[in-house]
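Residue numbers (the numbering used here), protein chains in the order written: chain W, 1 to 192; chain Y, 1 to 192.
There may be inaccurate statements among the hints.
Note: identical chains are not told apart, hence a pair may lie in one copy or across any two.
As the list claims (entries may be wrong) - Here are the simulated lysine-lysine pairs, DSS-like style, with alpha carbons at most 25 Å apart: (1) K66 x K29; (2) K85 x K28; (3) K154 x K188; (4) K65 x K148; (5) K188 x K85; (6) K154 x K178.
Everything labelled a hint here was simulated from the structure, so no lab data went into it.
Protein chains: 2
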Amino acid sequence: MEFSNEIQQTPFLQLVSQRKSIRRFNEKKLKREDILTCLEAARLAPSAENAQPWRYLVIDDPDIKKRFANEAFSGIYSVSKFAQKAPVLILVMARLNVITHRVGKQIQNIQFHLIDIGISGEHLVLQAEELGIGTCWMGWFSTRKTRKFFSIPKKFKIAALLAMGYYDKKPSRKRKRKQIKEIVWFNKMDSD
Amino acid sequence: MEFSNEIQQTPFLQLVSQRKSIRRFNEKKLKREDILTCLEAARLAPSAENAQPWRYLVIDDPDIKKRFANEAFSGIYSVSKFAQKAPVLILVMARLNVITHRVGKQIQNIQFHLIDIGISGEHLVLQAEELGIGTCWMGWFSTRKTRKFFSIPKKFKIAALLAMGYYDKKPSRKRKRKQIKEIVWFNKMDSD
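Okay, chain W solo, but in the shape it has when bound (with noise of 0.2 Å):
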């Protein structure tokens, strides 16, 4: 099946299209409207049981952005320094909750927070990237010295975290997608 050419030119595929993970970030600070703007996006989203399992914690305070950066990017998470650089980090959480996250996963085996925290997160990211503001998910830090640095209680699955800034280009390199015949059958399982 060939299919490209029936996919229709949106305005939101054109924000899609766009959106690309940022990895670079100049220094331009971020305004706390516009970030409390993504964060309304994310607030709005559904989720299983509308159980609303998203947390999120800003760090925008330069000094301590850099002592959590020191801490969550050590080691063997070293790959992940380039997010230092960014102005503000945003740490994702999960409150675990009876219905989506046990009765979920013993019914249905499926962890339906971890759905709704790529739900919500989402959200904030397609926001900031009509506001012109780059974000990379990330999911490549210590999340135990996160934690401590934080104080952390258990009863917050720490998932991702999101670096967002402004940038001076976006990366030229276009990051390659499985065509749609790959991803997608009709009606029936195909071979893989």
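Starting from the known structure of chain W, arrange chain Y on it as the hints suggest.
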């Protein structure tokens, strides 16, 4: 802290504000072109290590959909029967991958592919919203019977189901969300 007067109005905030989970669909058929446009938005999502774990099985054949719904929404899952009236159901799966699944789980203790599924699936949902198409994320259906019905190999984890279609009107009830101060901290964790 009071934040709400600092939030700007943006086109993207408008889009996420107007989206509601739709559980009552009308009979108008969806065009493949529109479904594919939504899938294109999903395809372009970012993912951990660019693994693109998402796989979408689109069920838009009325007969297959009916037989599938009879299986997936039976017994304890009958509360999800509303979805059998959706003109399209999309099964969202994750292709398990060594790096994001095994390494992610063992070192970082996080299933990145589920976050990725949330990110990509929400791209689909927001593109649908922009096209005037309603959706509903669903987690409550028989994954066991779903796997059997479509003979889905074990390497695909069944993550969620999206109901999709046109609607006569959106539900008037506004689902409550936590306030921003309940989900956001700045530079340190306050007590919960």
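Hints, verified against the model:
1. K66 x K29: Cα proximity of K66 and K29: one copy only (15 Å, versus 54 Å across).
2. K85 x K28: Only inside one copy: K85 and K28 sit 11 Å apart there, 51 Å across copies, limit 25 Å.
3. K154 x K188: between (42 Å within a copy, 15 Å between copies)
4. K65 x K148: Within one copy only: 14 Å inside a chain, 50 Å across chains, cut-off 25 Å.
5. K188 x K85: between (47 Å within a copy, 19 Å between copies)
6. K154 x K178: The answer is between: 21 Å across copies meets 25 Å, while 37 Å in one copy does not.
Of the numbered hints given earlier, the model fails none.
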